[in-house]
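**Student:** Residue numbers (numbering that gives the first Met the number 0), protein chains in the order written: chain A, 0 to 490; chain B, 0 to 94.
Hints are not guaranteed to be accurate.
Coverage of chain B stretches by chain A, computed from C-beta distances (three or more under 8 Å per stretch; other residues unrestricted) [said to hold, decoys possible]:
(1) 13-26
(2) 42-51
(3) 65-71
No more than 27 Å apart at the CA atoms, straight line, and that leaves these computed lysine-lysine pairs for DSSO-like [claimed, not checked]:
(4) A:LYS63 - A:LYS18
(5) A:LYS388 - B:LYS91
(6) A:LYS92 - A:LYS60
(7) B:LYS91 - A:LYS92
(8) B:LYS91 - A:LYS239
(9) A:LYS260 - A:LYS306
(10) A:LYS263 - A:LYS239
(11) A:LYS263 - A:LYS306
(12) A:LYS18 - B:LYS60
(13) A:LYS257 - A:LYS306
(14) A:LYS257 - A:LYS83
(15) A:LYS263 - A:LYS83
It should be emphasised that the hints constitute simulated quantities derived from the structure, not laboratory data.
Where is the CB? At the ideal position from N, CA and C, for every residue including glycine.
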Amino acid sequence: MTDLTSLTLAEARDGLASKSITSLELTDAHLKAIESARVLNAFVLETPDQARTMAREIDAKIAKGEGGPLAGIPLGIKDLFATKDVRTTACSKILANFVPPYESTVTAQLWRDGAVMLGKLNNDEFAMGSSNETSCFGPVVNPWRRDGANTTLVPGGSSGGSASAVAALLCMGATATDTGGSIRQPAAFTATVGLKPTYGRCSRWGIVAFASSLDQAGPIARTVRDTAILLRSMAGHDPKDTTSVDRPVPDYEAAIGKSVKGMKIGIPREYRLDGMPAEIEKLWSEGAGWLKAAGAELVEVSLPHTKYALPAYYIVAPAEASSNLARYDGVRYGLRVPGGSIGDMYEATRAEGFGAEVRRRVMIGTYVLSAGYYDAYYLRAQKVRTLIKRDFEDCFAKGVNAILTPATPSAAFGIGEKGGADPVEMYLNDIFTVTVNMAGLPGIAVPAGKDAQGLPLGLQLIGRPFDEEALFSLGEVVEQAAGRFTPARWW
Amino acid sequence: MSVDAATVRRIAHLARIAVAESEVSHLQGELNAMLAFVEQLSEVNVEGVEPMTSVTPMEMKKRPDVVNDGEIADDIVRNAPATEDHFFLVPKVVE
Numbered sequence: 000m001t002d003l004t005s006l007t008l009a010e011a012r013d014g015l016a017s018k019s020i021t022s023l024e025l026t027d028a029h030l031k032a033i034e035s036a037r038v039l040n041a042f043v044l045e046t047p048d049q050a051r052t053m054a055r056e057i058d059a060k061i062a063k064g065e066g067g068p069l070a071g072i073p074l075g076i077k078d079l080f081a082t083k084d085v086r087t088t089a090c091s092k093i094l095a096n097f098v099p100p101y102e103s104t105v106t107a108q109l110w111r112d113g114a115v116m117l118g119k120l121n122n123d124e125f126a127m128g129s130s131n132e133t134s135c136f137g138p139v140v141n142p143w144r145r146d147g148a149n150t151t152l153v154p155g156g157s158s159g160g161s162a163s164a165v166a167a168l169l170c171m172g173a174t175a176t177d178t179g180g181s182i183r184q185p186a187a188f189t190a191t192v193g194l195k196p197t198y199g200r201c202s203r204w205g206i207v208a209f210a211s212s213l214d215q216a217g218p219i220a221r222t223v224r225d226t227a228i229l230l231r232s233m234a235g236h237d238p239k240d241t242t243s244v245d246r247p248v249p250d251y252e253a254a255i256g257k258s259v260k261g262m263k264i265g266i267p268r269e270y271r272l273d274g275m276p277a278e279i280e281k282l283w284s285e286g287a288g289w290l291k292a293a294g295a296e297l298v299e300v301s302l303p304h305t306k307y308a309l310p311a312y313y314i315v316a317p318a319e320a321s322s323n324l325a326r327y328d329g330v331r332y333g334l335r336v337p338g339g340s341i342g343d344m345y346e347a348t349r350a351e352g353f354g355a356e357v358r359r360r361v362m363i364g365t366y367v368l369s370a371g372y373y374d375a376y377y378l379r380a381q382k383v384r385t386l387i388k389r390d391f392e393d394c395f396a397k398g399v400n401a402i403l404t405p406a407t408p409s410a411a412f413g414i415g416e417k418g419g420a421d422p423v424e425m426y427l428n429d430i431f432t433v434t435v436n437m438a439g440l441p442g443i444a445v446p447a448g449k450d451a452q453g454l455p456l457g458l459q460l461i462g463r464p465f466d467e468e469a470l471f472s473l474g475e476v477v478e479q480a481a482g483r484f485t486p487a488r489w490w
Numbered sequence: 000m001s002v003d004a005a006t007v008r009r010i011a012h013l014a015r016i017a018v019a020e021s022e023v024s025h026l027q028g029e030l031n032a033m034l035a036f037v038e039q040l041s042e043v044n045v046e047g048v049e050p051m052t053s054v055t056p057m058e059m060k061k062r063p064d065v066v067n068d069g070e071i072a073d074d075i076v077r078n079a080p081a082t083e084d085h086f087f088l089v090p091k092v093v094e
């Protein structure tokens, strides 16, 4: 049965359609894999009974020829997505017992199309982190290890559970969210494919909010094709999210294998950082070479405000977070710590319920929005954001179809290794991904090689607004050239 | 710019997060590390630049002003720490 878990989502879909396998078999194989991989801490809640019920129901539908595009496919769901009657915590103590009476739009669309839920996946608390170490359920372990070593490594974050589970063959794909790199960075750390769609492509309704102008849901899967299949079900207009865009959802899978001949690929000189490891540099030029060999044209481009994206992000994102997280006050849902007055109750609840990273970001966000500092910090950051977006617009106006960059400045690092003394050390992980959120663009991370220690590295492609299809076509070229990477099983 | 201990206490209060006296100096160090990091934004010329207030250029969507949901009081209070007759209970706020 274990070999069922190593199928790609597309292969499983075809097997289900031709009735050579059933969803129940596929689901059971994954539930067994999850059980034997608890050391990874990827799942914070397993829902085996619900999974089997969903699988049986979808098997009956498939038998009648009524299965949807994801009929019978077992998925993992990041614990940031509200799932009706299934505990949803954002991996925060403050929501430890929250059981939503509603379903997020994105997950509702996955179930509409026939997918099966295996359980809820670990993430950084409120998606604030780049290593999945801030979760109240403890860190997620990366299924990848350095050659000949058994140091436990982080899977990246905040969608660390999603990336780890997909890489370790615990689910065929997973939902994830990306505010500054939270889909693409963990995908790069685990040799999985992660796509952050254009802002507005997927509904944010029912997803625990972190920074509303940056948050976007997207898929993590093992191949570019699988990622495209998932996005088609996740995307679409939702009247319940005013920033959701009303435009048709293309058949993203049709973009796989489409020629990239004549596409113009920008190589941004500002992403060539001082002290960039030689292997990242090498990977980047190899990737450019693959695209060129496939007929794309490489052009050097300039995105002059790149270096300001991360500092501007660390004003905008905490500011929005401090506002969004004001709702956790111990009154309507979540944890309450009693206090003498209502003010004491709020303060005690939030001190007890939020972890250190969340407290820090809420405080910095409060500060940059407070009277006397708003103009100097928040307003200035919003102006810098305009400039960052304009850099990309100028580049696309010159005919560039997509931009190729490394996904991360390094491979996965050890648990507890970074950010202990200075939070900024951890933040630098998102240096290549955060620009994309600031500009609202789509970006994909595709596995492209390994470093000297045998750890996976990824490349990022950044697209024009709503041109996810170009990213899938180009991503497929990278995947075909680089091959796929699977961690050796040690758990 | 950097924050002093009094400012840390003031921010914590604005954010409604209780901070013990023993945590203040540690938090002050962390907040100042973040502020030092974002300080580089001051070198950007933002003269005449409009602040970015929406990501996708589109008109704000409007919906008819009608009741389209409701009668779900049980659902609304289901996760509340303390309720009575579909009301949220909080510590006494008026004398």
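**Student:** So, for every hint listed, does it hold in this structure?
**Tutor:** Going through the hints against the structure:
| no. | hint | verdict |
| --- | --- | --- |
| 1 | 13-26 | holds (count 7) |
| 2 | 42-51 | holds (count 6) |
| 3 | 65-71 | violated (count 1) |
| 4 | A:LYS63 - A:LYS18 | holds, 11 Å |
| 5 | A:LYS388 - B:LYS91 | violated, 49 Å |
| 6 | A:LYS92 - A:LYS60 | violated, 39 Å |
| 7 | B:LYS91 - A:LYS92 | holds, 25 Å |
| 8 | B:LYS91 - A:LYS239 | violated, 35 Å |
| 9 | A:LYS260 - A:LYS306 | violated, 31 Å |
| 10 | A:LYS263 - A:LYS239 | violated, 37 Å |
| 11 | A:LYS263 - A:LYS306 | holds, 24 Å |
| 12 | A:LYS18 - B:LYS60 | violated, 44 Å |
| 13 | A:LYS257 - A:LYS306 | violated, 34 Å |
| 14 | A:LYS257 - A:LYS83 | violated, 39 Å |
| 15 | A:LYS263 - A:LYS83 | violated, 44 Å |
Of the numbered hints listed earlier, those contradicted by the structure are 3, 5, 6, 8, 9, 10, 12, 13, 14, 15.
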